[in-house]
Amino acid sequence: DTAVSQTPKYLVTQMGNDKSIKCEQNLGHDTMYWYKQDSKKFLKIMFSYNNKELIINETVPNRFSPKSPDKAHLNLHINSLELGDSAVYFCASSLTLGGNTEAFFGQGTRLTVV
Amino acid sequence: GDSVTQMEGPVTLSEEAFLTINCTYTATGYPSLFWYVQYPGEGLQLLLKATKADDKGSNKGFEATYRKETTSFHLEKGSVQVSDSAVYFCALRSSASKIIFGSGTRLSIRP
Numbered sequence: 001d002t003a004v005s006q007t008p009k010y011l012v013t014q015m016g017n018d019k020s021i022k023c024e025q026n027l028g029h030d031t032m033y034w035y036k037q038d039s040k041k042f043l044k045i046m047f048s049y050n051n052k053e054l055i056i057n058e059t060v061p062n063r064f065s066p067k068s069p070d071k072a073h074l075n076l077h078i079n080s081l082e083l084g085d086s087a088v089y090f091c092a093s094s095l096t097l098g099g100n101t102e103a104f105f106g107q108g109t110r111l112t113v114v
Numbered sequence: 001g002d003s004v005t006q007m008e009g010p011v012t013l014s015e016e017a018f019l020t021i022n023c024t025y026t027a028t029g030y031p032s033l034f035w036y037v038q039y040p041g042e043g044l045q046l047l048l049k050a051t052k053a054d055d056k057g058s059n060k061g062f063e064a065t066y067r068k069e070t071t072s073f074h075l076e077k078g079s080v081q082v083s084d085s086a087v088y089f090c091a092l093r094s095s096a097s098k099i100i101f102g103s104g105t106r107l108s109i110r111p
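In the order they appear, the protein sequences are chains A and X.
Everything in the first sequence is counted per this note's numbering, starting at 1 for the first residue and increasing by one.
Everything in the second sequence is counted per this note's numbering, starting at 1 for the first residue and increasing by one.
Okay, chain A solo, but in the shape it has when bound:
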């Protein structure tokens, strides 16, 4: 009964590999997000989707490709991983795109590129 769940929780991989992180929400929300948290805990939005449509792409390298097969899922695929991609990636969802709605976060995926 987890509201926003993402897998895997930990991911260790070599430079140059391709990896995916999956996210699902069971809250019936319309909007989903990916955030990146760096080693200093700074959180930066990467993407947001509303009803499967890309709304925000925050100048993320095109090695990162989100995919939303339906409004309950937002997966993140990363090609040609680099050392600088090491971070914690958080998926989140909110009821709608605007208004005063808060975001609900998953537990995070700690990605380590070696």
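Hints were generated in silico from the structure; no laboratory data involved.
Where hints are given, some of them may not hold.
Here are the simulated PhoX-like pairs of lysine-lysine, each with C-alpha atoms no more than 20 Å apart in a straight line [unchecked claim]: (1) X:K98 to A:K36; (2) A:K67 to X:K98; (3) A:K44 to A:K22; (4) A:K71 to X:K98; (5) A:K44 to X:K98; (6) A:K52 to X:K68; (7) A:K22 to A:K9; (8) A:K41 to X:K98.
Position chain X against the provided structure of chain A, taking the given hints into account.
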């Protein structure tokens, strides 16, 4: 663009001390304001929110008041506990519908 500035940490207090974590924002329009808390190894949890000027959000003994005149949303708690040790993030929902976070403030409470 819209932004959030919060006091740098770490903040270290003794148990039962009074806590203030400052947060100011820059935004067009009238954003909604939030405080989130992140415990070690976990995701972010909403602590409280306020959606219009002079609203006070409160939860678990924490409070913050939306002050439009000073563009601030400072977090306060009258008596902190060891279990409050975490990283606290101030955030706003911008006119572009993004949720923008401050840099986070690490709080450590000594028994």
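Non-conforming hints, listed in increasing numerical order: 6
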